[in-house]
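2 protein chains.
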Amino acid sequence: DYLSMNSSRCAACKYLRKRCPSECIFSPYFPPNNPQRFACVHRIYGASNIGRMLQQLPVYLRAEAADCLYYEAQCRIENPVYGCVGMISTLHQQIFSAQEQLAKVQAEIALINNAYTQQESSQFQQLDGLLSNLNNF
Amino acid sequence: DYLSMNSSRCAACKYLRKRCPSECIFSPYFPPNNPQRFACVHRIYGASNIGRMLQQLPVYLRAEAADCLYYEAQCRIENPVYGCVGMISTLHQQIFSAQEQLAKVQAEIALINNAYTQQESSQFQQLDGLLSNLNNF
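If you read the protein sequences in the order shown, they are chains R and A. 21 is the number that UniProt numbering gives to position 21 of the first sequence; each next residue is one higher, with no gaps. 107 is the number that UniProt numbering gives to position 107 of the second sequence; each next residue is one higher, with no gaps.
Certain hints may be false.
[As the list claims (entries may be wrong)] Derived contacts from chain R toward chain A, CB cut-off under 10 Å, selection only:
(1) N49
(2) Y82
(3) E120
(4) S121
The hints are simulated quantities; they were obtained by calculation from the structure and are not laboratory data. Where is the CB? At the ideal position from N, CA and C, for every residue including glycine.
Could you put together the complete structure from these sequences and hints?
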């Protein structure tokens, strides 16, 4: 009946107000219970581009591709200028600052090692001096 | 003449085989000397989506947005499954391993400090022993 056909359509076919074919390219990746997911990728890429991009991939990679397209579309809706690239540059900055921190800490280790080595040798010199004074008695 | 009109069209209008209007939305960001740039974003987003996304932004942000859209489109062409998200997860892994390395190095510092402190106190104990032996003479 009409209602069950209606409720079995995927989110994409519902959004596009068309019949959902049995071999629908969208259906496995855009379930009817998440209409916002398709609305989001549709807004950025358009239905035909998403369909084509999925079609060009082997079936076993399509779910991950749909997830990534959704993630990228969300990024672009949240950040209409930089999209995902904004996140990439934030992560690059984090890596840069982590590397800087690491270099500082490694310099600190070298400094500590150096300081203790000098302190040790000066203690040995003091001990040497003490012993040679005792011998001279 | 025909040739000069032809060469003044932007890469988008050339690609779409249409006249390039004086207020063309693409023209400032898709110069005719880089046809590959428009072909790339066209393949992923489609001309009308790019036009709409640029149109929705204030003029001073459009150049950066066009650069980012181009970058993302390139990512998706190179990596049709993960696109930019592939790069984001690589960067997350790099940050994770840098943080791990940092934690190791900080533990190393604590160990060195600890070892030297113990060594120092045992040297002082030896020195104390030596001096009290001398006093007992």
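Tested hints:
A distance limit of 10 Å between C-beta atoms decides the matter here; for R/N49 the minimum to chain A is near 6 Å, and the interface restraint holds. Interface restraint check: R/Y82 against chain A, minimum CB-CB distance 5 Å, threshold 10 Å, status holds. At a threshold of 10 Å, the smallest CB-CB gap from R/E120 to chain A is about 8 Å, leaving the interface hint in force. At about 12 Å, the closest approach between the beta carbon of R/S121 and any beta carbon in chain A exceeds 10 Å, and the interface hint on this residue is violated.
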